[in-house]
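S.K.: Residue numbers (my numbering), protein chains in the order written: chain A, 1 to 314; chain B, 1 to 354; chain C, 1 to 320.
One or more hints might be untrue.
Derived list of chain C stretches under chain A, where covered just means 3 residues or more per stretch with a C-beta under 8 Å from a C-beta of chain A [to be verified]: (1) 21-27; (2) 101-111; (3) 150-162; (4) 194-206; (5) 278-289.
Facing chain A, from chain C, some residues (calculated, C-beta under 8 Å) [what the hints assert, rightly or not]: (6) Pro14; (7) Ile15; (8) Thr30; (9) Ala146; (10) Val233; (11) Ser259.
The set of hints was computed from the structure by calculation and includes no laboratory data.
Even for Gly, the Cβ is constructed at its ideal location relative to N, Cα and C.
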Amino acid sequence: MASSESIRSGAAGPTSTSTDTDEVDLVAVQTYWQLVRRRFLRNRTAVIGLVLLAFLVFSAIVFPMVGGDAWYRTSLVHHPTDPVSIDAPLGYDNLGRNIFFRLTKGLQTSLIIGFFAVLIITLIGTTFGSISGYAGGLVDNVMMRVVDIVLSLPGFFLILMLVAFIGGIVPPMMVIIIAIGITGWTTAARLVRAEFLRLRESDFVQAAKALGASDSRIIIRHMVPSAMAPVLVAATLGIADAVVTEAALSFLGYGIRDPDASLGNMLTAAQDYFYRQPLWIYYPGITLILVVLAASFVGDGLRDALDPRQKLEA
Amino acid sequence: MATTRGAQEALLEVVDLRTHFATADGLVRAVDGVSLRIRPGKTLGVVGESGCGKSITALSIMRLIERPGRIVSGSITFDGQDLLRLPEDEMRNIRGNEISMIFQEPMTSLNPVYTCGDQIAEAVSRHGSLTQREAAARAVEMLEQVGIPDAKRRAGEHPHQLSGGMRQRVMIAMALSTNPQLLIADEPTTALDVTIQAQILELMKALRERNGMAIMLITHDLGVVAEMSDDVSVMYAGKVVESSDAITVYDRPHHPYTKGLLASIPRMGARRERLDVIKGVVPNPLNLPSGCLFKRRCPYAMPICDNAPPLRLVAEGHVSRCWLAPDGGRPELGEAPSAAEAEAAALTLTVANP
Amino acid sequence: MVTYIVRRLIQAIPIVIGISVISFAIVYLTPGSPIDKFRTGRVSPQTIANLIRVYGLDQPLPVQFVNWFTHFWSFPFNSTAWGYSFTDGLPVRDKIFGRAPSTLLLMGTSLVVSMLLAIPIGILQAVKQYSWADRIITTFETIGYAMPTFWLGLILKQFFSVQLKWLPLYGQNTLGKQGDIPDMIAHLILPVSTLAVVSVAGWSRYMRASMLEVLRQDYVRTARAKGLGPARVIGRHALRNALIPIVTLLGLTIPTLLSGAAITETVFSWPGLGWLGVQAVGDRDYPVVLAVTMIGGMMVILGNLLADVLYGVVDPRIHY
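Isolated chain A, as found in the complex (with noise of 0.2 Å):
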């Protein structure tokens, strides 16, 4: 109590008008980001959710280049049956591929996709969403139809059409990434618009506008960082979305297919073996939970961080 006396006291200058405020003081000193960040690394399932993400990177580029072509290169020497070793810690598939290479290989191309695809779908989502919070009326109306309309199209259907017609003429991880990006970014084009209708009323970007900013500049410099807080989240959930969909598309055979690596053609490959290797699907589809709850962690408490008011309900 004696030191907020002497904080008080010292603060009282001949302008302070202000009610002698016991504690509030020392916690606006923090900028939000640092406040941000406090409130995430106290949150333990998103510290969690950081480490093993982490970790799951780290794999996913350590590994594959550990293992060089193990993951591609066939054998006759090794077998499914063979024992695990240090070399191979989850043995051999059926053409004598390393697992444990081929599994890291097809997390690496999960997660590139993933993070591509959120990319894309942030560009998207940020620019369209901007456009129309900012400008509203009939321009904001007439591409809120068109993302109403998106959104009514079934998804994953669309993604399937899109990676099955144009798979043949570019690299499927590509024709992957762009069909998750151009259909997937209808969640974040609505987020931002709904900060731009909020930020377009308030003081600082009407300051902005007072002050003589171009329309460009406002969004640019005041409007967009204001607005990427919910972008954040929905881009760091959306990996696991975007991850899914991979899988599901190469397991289906329309994705990456074998010999490539994916965690998805690697489960369809393992349903030929349910009976005599039945632990080969767990591999990937185990991968796949860690990559969905990783990224769902980290989300939900990037969102509690961001979000002051959820904070105090928990």
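Given the structure of chain A, go ahead and fit chains B and C onto it with the hints provided.
M.R.: Only chains B and C this time, still in chain A's reference frame:
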């Protein structure tokens, strides 16, 4: 019972009630040693700033405190039995029957998906042996009693079809439908327009006359208290700081906090540049100062205030939690009792309430 | 209410046109033509030219679109409204109508099962918030929600069909037992469980959150202040309010079931619309693909409408 000693039997006697909340940031002692007394058929005004623990006291009496809150100690004697020792199902028979409560927010206190008539009838049939039809008729009758025009039609309407003042009337109708001995009204007019406020207060007065019930009126508005109350208890930071009959509190307030509250009421005719406002804010409940909780905001603060003052008898039927002499002057040096003495004094004085 | 529904349906027209244009564009603008598979050298150029003419592929695209779109809506009276399947030459409409009951059966059963489980679970969790039961259920929900349906389907198949041999591996009926109800129920168990695990995980979380939100409301305190017991406070005052967002969400979710079904139906070779659609995409059976996409889009629109109508039914504050 020792606690019912006094000029008149009490209908409700709260002694040394403590209700604490275990929050993530620490223990909040929302109610910390509150003693109150309500006489049958009389109105006790409980006054204080928001966050002083008035509502928590009321909810404690109703035993409606929810996690992370907990009634830690004290006793609440109603009609000769300690409510805190009753099993939950017996308490449920008292709740809404012998003690009813109305809340600050009429807009949100009624269930949006059921009709007003349904919600009143539910209270009636919960505590009586009426048929559904009789309960529904009683609901309409109650709506008429609280001055709702076209009561029959209104009974069939949903809360969103009514204005705030009307909804508070419905709440009052619901509370009074079981003829309670005690009505706890938690800021019943705060959320309403000024003209509606007056109407609701008039209504409560009229119904008090008719039903002969006691009222515990919780408010931050001393004007409302003046109009309604026989007795007044002033609360600050989870404790009662002053308690007496209404006239005494208004004419000869003892506690500096009460004086501050009274000075901050705008008065007709009094030409002042600005209202006297109590400086500062209520202390952070997680970080209460030692000694007197009001000392940092108190114009009379003196060294002795570093010791917590007990609730002391300053005049017949008038107690105050302040070190100032009974006449309001500075106490003589050395008059301060030790902490243990203060504790003892506080205990004896809580039962010497008006 | 009726005028509201009519107005909403009229408002949906531009969206239906938009869906049609996009679906049509994807099918017809992507490289490769449906008749490519006949260009093997064994089919005479004359035949190919005939096919192109028969399917109207020689017309300009906008004309093809208008032809297809206007023709499409005559389906109630005209079995050829949606064209003929490229794979077996059957009218697409009849193919779709033939598959729809299977999808409805699967979706309907899993929806009912999910709700019957999720609502009580969510209520229990909200009422006993932070109890060990709540924590354990929350953990299961988190894992269940993170499970990809097709993987879960595989696991269940491996365990119950392959290893334990309790349940059939795929299909809707054992060969030669068409219409045998117990046989069909046995076939239904695994796909329904697959869909239910994931959706129970999701719905009970919603229900928990919704219930927690409602339990904080002033009117719940009012109900308790009336002297009502927990059963009545929760079962009457809180539940009805907590179900409002659930009912709304339900309408919005029904359409996504088709996409979810596509994968589950394929895993279990369940002869529904979803599996048909996946197969049609693989076969480049464009008329079927278009019809399935259109039906999917229409389900979204009707689902949204249903959500709003239900919202009006369960919430007296909403009037149309």
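S.K.: All the hints need checking, so say for each whether the structure fits it.
M.R.: Do the hints match the structure? See the list:
Look at the segment 21-27 of chain C against chain A: 4 of its residues bring a Cβ nearer than 8 Å to a Cβ of that chain, three or more, so the hint holds. Only residues whose beta carbon comes within less than 8 Å of a beta carbon in chain A count, and the segment 101-111 of chain C has 0; fewer than three means the coverage is violated. By the rule of at least three residues with a Cβ nearer than 8 Å to a Cβ of chain A, the coverage given for the segment 150-162 of chain C holds, with 7 such residues. Given as covered by chain A, the segment 194-206 of chain C fails the check, having 0 residues with a CB less than 8 Å from a CB of that chain where 3 are the minimum.
Note: the segment 278-289 of chain C has 5 residues with beta-carbon separation from chain A under 8 Å; the three-residue rule is met and the coverage holds. The beta carbon of proline 14 (chain C) comes within 6 Å of a beta carbon in chain A, closer than 8 Å, and the hint placing it at the interface holds. Interface hint at isoleucine 15 (chain C): satisfied, since its Cβ lies 5 Å from the closest Cβ of chain A, which is below the 8 Å cut-off. A least Cβ separation of about 4 Å between threonine 30 (chain C) and chain A falls short of the 8 Å threshold, and the interface hint therefore holds.
Because the smallest distance between the Cβ of alanine 146 (chain C) and any Cβ of chain A comes to about 4 Å, under 8 Å, the interface hint for this residue holds. Against a cut-off of 8 Å between C-beta atoms, the interface hint on valine 233 (chain C) is violated, since the closest Cβ of chain A lies about 20 Å away. Restraint check, serine 259 (chain C) versus chain A: the minimum CB separation of about 4 Å is within 8 Å; hint holds.
Violated hints, listed in ascending order, are 2, 4 and 10; each of the other numbered hints is respected by the structure.
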